[in-house]
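From just these sequences and the hints, can you work out the full model?
Number of protein chains: 4
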Amino acid sequence: MTHNVAFLGLGNMGEAMAANLLKAGHQLTVYNRTASKAAGLKRRGATVATTPAEAVQGAALVFTMVTDDAALEELCLGADGLLPAMPTGAIHASCSTVAPDTNRRLAAAHARQGSSLVATPVFGKPDVAAAATLWLAMAGEAGSRRKLKPVLQALGQGVHEFGDDPGAANVVKLCGNFMLGAAIEAMAEAFTLAQKSGLDREQVYQFFTATLFNNPIYKGYGKLVAERHYQPVGAAPAIIRKDMRLVLDEARTHLVPMPFANILHDHLSTTVAKGEKVDWAGFAERVTDGAGL
Amino acid sequence: MTHNVAFLGLGNMGEAMAANLLKAGHQLTVYNRTASKAAGLKRRGATVATTPAEAVQGAALVFTMVTDDAALEELCLGADGLLPAMPTGAIHASCSTVAPDTNRRLAAAHARQGSSLVATPVFGKPDVAAAATLWLAMAGEAGSRRKLKPVLQALGQGVHEFGDDPGAANVVKLCGNFMLGAAIEAMAEAFTLAQKSGLDREQVYQFFTATLFNNPIYKGYGKLVAERHYQPVGAAPAIIRKDMRLVLDEARTHLVPMPFANILHDHLSTTVAKGEKVDWAGFAERVTDGAGL
Amino acid sequence: MTHNVAFLGLGNMGEAMAANLLKAGHQLTVYNRTASKAAGLKRRGATVATTPAEAVQGAALVFTMVTDDAALEELCLGADGLLPAMPTGAIHASCSTVAPDTNRRLAAAHARQGSSLVATPVFGKPDVAAAATLWLAMAGEAGSRRKLKPVLQALGQGVHEFGDDPGAANVVKLCGNFMLGAAIEAMAEAFTLAQKSGLDREQVYQFFTATLFNNPIYKGYGKLVAERHYQPVGAAPAIIRKDMRLVLDEARTHLVPMPFANILHDHLSTTVAKGEKVDWAGFAERVTDGAGL
Amino acid sequence: MTHNVAFLGLGNMGEAMAANLLKAGHQLTVYNRTASKAAGLKRRGATVATTPAEAVQGAALVFTMVTDDAALEELCLGADGLLPAMPTGAIHASCSTVAPDTNRRLAAAHARQGSSLVATPVFGKPDVAAAATLWLAMAGEAGSRRKLKPVLQALGQGVHEFGDDPGAANVVKLCGNFMLGAAIEAMAEAFTLAQKSGLDREQVYQFFTATLFNNPIYKGYGKLVAERHYQPVGAAPAIIRKDMRLVLDEARTHLVPMPFANILHDHLSTTVAKGEKVDWAGFAERVTDGAGL
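Protein chains in written order, with our numbering: chain A, 90 to 382; chain B, 90 to 382; chain C, 90 to 382; chain D, 90 to 382.
Think of the hints as simulated: they come from the structure by calculation, not from any bench.
Here the structure is a predicted model, which is why all the values come from computation and not from measurement.
Each hint should be verified, as a subset may be incorrect.
If several chains are the same, the list does not tell them apart, and a pair holds so long as it fits within one copy or across any two.
[Claimed, not checked] List time: in silico DSBU-like cross-link candidates among lysine-lysine, alpha-carbon distance up to 35 Å:
#: 1; residue 1: 366; residue 2: 238
#: 2; residue 1: 214; residue 2: 131
#: 3; residue 1: 236; residue 2: 312
#: 4; residue 1: 238; residue 2: 285
#: 5; residue 1: 363; residue 2: 112
#: 6; residue 1: 366; residue 2: 126
#: 7; residue 1: 112; residue 2: 238
#: 8; residue 1: 285; residue 2: 366
#: 9; residue 1: 236; residue 2: 285
#: 10; residue 1: 285; residue 2: 214
Here it is in structure tokens:
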């Protein structure tokens with residue numbers, strides 16, 4: 090079954106996801122603040138809207154994928170925002186990595202307008218999005234989840250539900266990014282210790298990812314750390330630093346000391362402060378730098 | 090090809106490994122400080138020696154698997170120690186998790202006596218050892234490695250070589266235990282944050298180990314962390330705390346700041362100080378305890 | 090020269106400071122959300138107002154001393170708030186420990202109304218406030234500072250100016266609370282190490298505060314840490330945890346990794362999570378607890 | 090009462106201390122591995138010995154002040170070492186910053202030879218030693234302490250006794266160096282936060298050392314941190330890193346997690362790894378560097 094679908098936010102992730110919705114046969118209207126990014130999707134059949142409100146006219150499903158909480162709130166509640174324009178009964182799939190409370194607050198605002206918001210954060214880099222092998226978490230009102238789920242299948246290899254609280258899916262997303270960061274730091278410390286003990290970083294990387302940590306995450310990020318080459322930029326350090334800030338904000342709210350998360354946040358802060366133009370995994374250089382390499 | 094093989098150190102790991110050498114057809118002589126532990130292997134055909142020196146008489150290959158550096162040095166150099174008794178040309182496969190320098194020093198002592206020591210630390214718990222699916226790292230003199238390698242195949246699912254410096258294999262082993270600890274701490278922080286945010290630890294565990302961290306390590310240790318049940322005791326906290334101490338000792342020697350390793354060591358120290366009778370992964374309770382759970 | 094002075098916020102600190110303004114001869118009107126706290130000052134000659142707006146009628150100077158940013162904003166901008174009621178030209182001395190940006194924003198709002206806000210955070214416990222030996226930092230518009238300074242002398246032993254940006258004084262206040270916390274943690278770690286090495290905590294405390302750290306801060310907080318007795322409650326853990334959160338918020342804004350501040354914040358979070366009814370210095374028990382004492 | 094005194098180890102600290110013993114009227118024999126360092130004391134009347142054993146011939150009191158445990162053990166037990174040459178009843182005042190167990194072991198060895206060792210670590214930089222205003226801690230056999238104490242008065246402004254266990258005085262010394270390091274790190278974080286918030290490091294330093302932290306330690310080290318100028322080198326980073334290692338070694342032995350000490354050790358490791366030629370307080374640059382300054 091296909092739908093009128095709006096997709097707002099066409100960064101590297103959003104564009105790839107929107108393309109997969111087109112491929113699945115939906116009628117797609119897209120919107121991006123910088124309009125030029127919509128050109129590729131237009132060629133493939135999407136309609137381009139000039140405001141968020143215009144984009145969601147007549148849409149049964151609305152996807153958003155933007156950088157941070159402020160961008161999402163602007164899209165929903167700002168000038169020509171999508172929220173007042175959403176048709177009654179329409180469902181907003183909120184894919185961005187934002188604070189759990191942001192989706193909770195926006196979901197309540199949608200409910201007051203007769204539409205609904207389901208949090209649907211995604212796991213994976215732009216190439217994973219393009220291959221439609223993302224993992225998705227989903228949380229929000231049960232009826233909306235039921236309708237949304239079949240459409241989400243087109244975007245990834247699995248959709249996991251976390252109940253009625255839309256914030257819950259974002260907690261899971263934040264936990265995931267934190268665990269990725271921890272794996273990167275662990276490899277950075279281990280490979281640097283091995284290197285300074287006379288071993289070859291690359292060989293140590295090969296060993297662990299062929300044995301105990303034979304896993305795409307360790308293989309993918311570990312290669313960057315082993316080679317100390319953090320290009321291309323999948324996600325900028327400032328973006329994931331924002332995610333770690335959100336992790337620590339949740340940890341504060343719920344009184345959870347997270348010593349590993351503190352270290353990841355600090356390493357990313359330094360990477361941002363130094364203006365390094367690298368993928369976020371480049372915070373691994375804080376370890377090599379600290380070791381005088 | 091089978092050999093006269095001596096196996097010294099019959100803890101949970103050693104006994105399982107020795108049994109697999111028996112199964113592979115080698116003539117086995119065993120030694121353990123507490124002799125009663127040798128009973129099972131004796132029934133299956135092993136000869137039981139009463140001193141290390143006696144155990145290695147006539148052996149072509151000697152395996153040792155003990156708790157720490159002091160135990161290994163005592164076995165080699167103590168009263169009735171194995172080193173002076175090793176036949177010329179015999180090879181000592183040193184499987185214990187010890188400091189890289191310990192194996193380096195002992196390897197030099199073996200060389201002076203006409204025998205050799207190859208470091209062969211193993212990755213896996215007792216049940217993995219029993220199933221002969223350990224991963225092995227190996228480093229030491231090239232000729233000895235060549236002879237030893239086929240025999241090691243009986244113990245695991247792969248042997249990875251790290252060159253002539255026997256210490257190198259132990260550096261790899263220490264890096265591995267550190268990375269395991271980091272994965273456990275990361276899950277402890279993430280699951281606790283999720284729980285205090287209103288989610289179910291178990292569901293979060295299921296999600297991550299079905300998606301991003303679909304990996305036996307995360308599944309195995311993550312289950313303990315999700316359920317907060319750290320039984321049975323695969324390795325005691327004091328044992329792995331010793332390993333983290335060795336990691337930090339290497340880090341000191343080579344001037345590598347390892348903030349994650351500091352945290353793991355401290356959490357294990359507290360677990361030991363409190364006298365908790367749990368598997369070493371029980372240090373994850375430092376996180377739940379810190380969050381007031 | 091005496092003035093019509095309003096004082097809003099009569100906690101342990103506020104009441105002691107207001108009493109010293111009375112003693113200095115000012116006509117004092119006071120306000121507190123829980124009116125009963127004003128009884129003592131009323132007996133000594135203060136007028137009691139029933140709303141913030143009423144309190145500042147006709148005042149030349151307005152002092153506020155409340156728990157956190159939300160309380161200060163409510164007092165200024167809430168129902169019957171003080172800001173619209175402040176006479177033209179009146180000066181608001183904002184003594185609370187709040188985010189630098191809170192005072193910046195409120196100062197701008199005051200300026201728009203024809204009054205001014207000067208940030209005047211204070212250093213010292215309630216007994217120090219009562220003895221009029223506080224240290225004060227002051228920042229804000231120069232003319233207002235000039236008028237306010239002589240009045241502030243009645244509250245402490247010195248007023249230090251930090252220029253025109255009202256936020257600057259709060260940055261200094263946050264730095265100070267952070268440095269106090271660091272001194273407490275340092276003593277907690279040192280005294281606990283000494284104790285577990287067989288020494289007497291008390292003797293070690295006496296030694297250091299008679300020699301290298303012969304200083305009232307080390308003596309006062311160190312006594313609590315040495316005796317492991319954190320009564321009476323000068324400031325609750327939740328209050329100073331809020332301060333550490335503000336420190337870390339500034340650190341985030343300005344991209345400054347502060348590893349010590351992370352540890353202090355986490356220790357205070359655990360103390361709050363466990364519901365311990367102690368002075369904030371009681372976070373030192375995180376160290377003794379971690380050592381199994 | 091004056092004595093035949095031997096002084097071994099004429100670094101910046103040792104030379105200044107030896108000079109004060111000369112001034113106090115003792116007959117002084119000195120020894121240093123690099124003999125040229127003894128020239129100044131020779132001119133002032135000291136006898137120069139060519140071996141440790143020769144230096145202690147006929148001495149009633151023997152002082153040693155060297156860089157680390159290995160140097161002290163070599164001086165005592167190495168070729169022409171002082172221990173076998175010490176007269177019966179002579180007292181060795183062991184001033185170096187070494188592991189508590191090193192002095193315990195050496196004290197037992199002295200006792201077996203009929204002499205005694207009293208641990209007498211000192212607090213203060215070379216200029217403080219020259220001014221004879223060091224603080225001294227003392228621990229060891231009671232009778233020897235009684236005889237030694239009056240002589241130690243010539244070196245400082247106070248001698249504090251910590252009982253019969255010679256290791257106890259070294260525990261105190263290690264706690265002190267740790268607390269100094271913590272004060273430096275706290276200032277580094279606070280001043281850097283203030284600077285990036287738009288304040289002047291120097292003014293913040295002036296404020297705190299005139300008020301809450303009006304104390305020679307904060308003034309002296311704080312000046313280096315405020316000015317980010319870490320010259321001259323009072324003690325090299327590698328020396329104090331060794332001290333932090335000894336702190337952490339004690340903490341391991343006694344199962345005391347010390348998160349601040351971990352950070353200090355790591356910052357000093359990086360300073361050493363980068364080869365910075367600064368006073369040890371220069372580890373404060375890890376904070377400014379992390380903030381991108």
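Structure-based check of all given hints:
1. 366 with 238: neither (37 Å within a copy, 45 Å between copies)
2. 214 with 131: within (23 Å within a copy, 56 Å between copies)
3. 236 with 312: between (39 Å within a copy, 33 Å between copies)
4. 238 with 285: between (49 Å within a copy, 27 Å between copies)
5. 363 with 112: Neither: 41 Å inside a chain and 53 Å across chains, both beyond 35 Å.
6. 366 with 126: Answer is within: at 22 Å inside a copy they meet the 35 Å cutoff, but 52 Å across does not.
7. 112 with 238: within (17 Å within a copy, 53 Å between copies)
8. 285 with 366: both (26 Å within a copy, 22 Å between copies)
9. 236 with 285: between (55 Å within a copy, 29 Å between copies)
10. 285 with 214: both (31 Å within a copy, 28 Å between copies)
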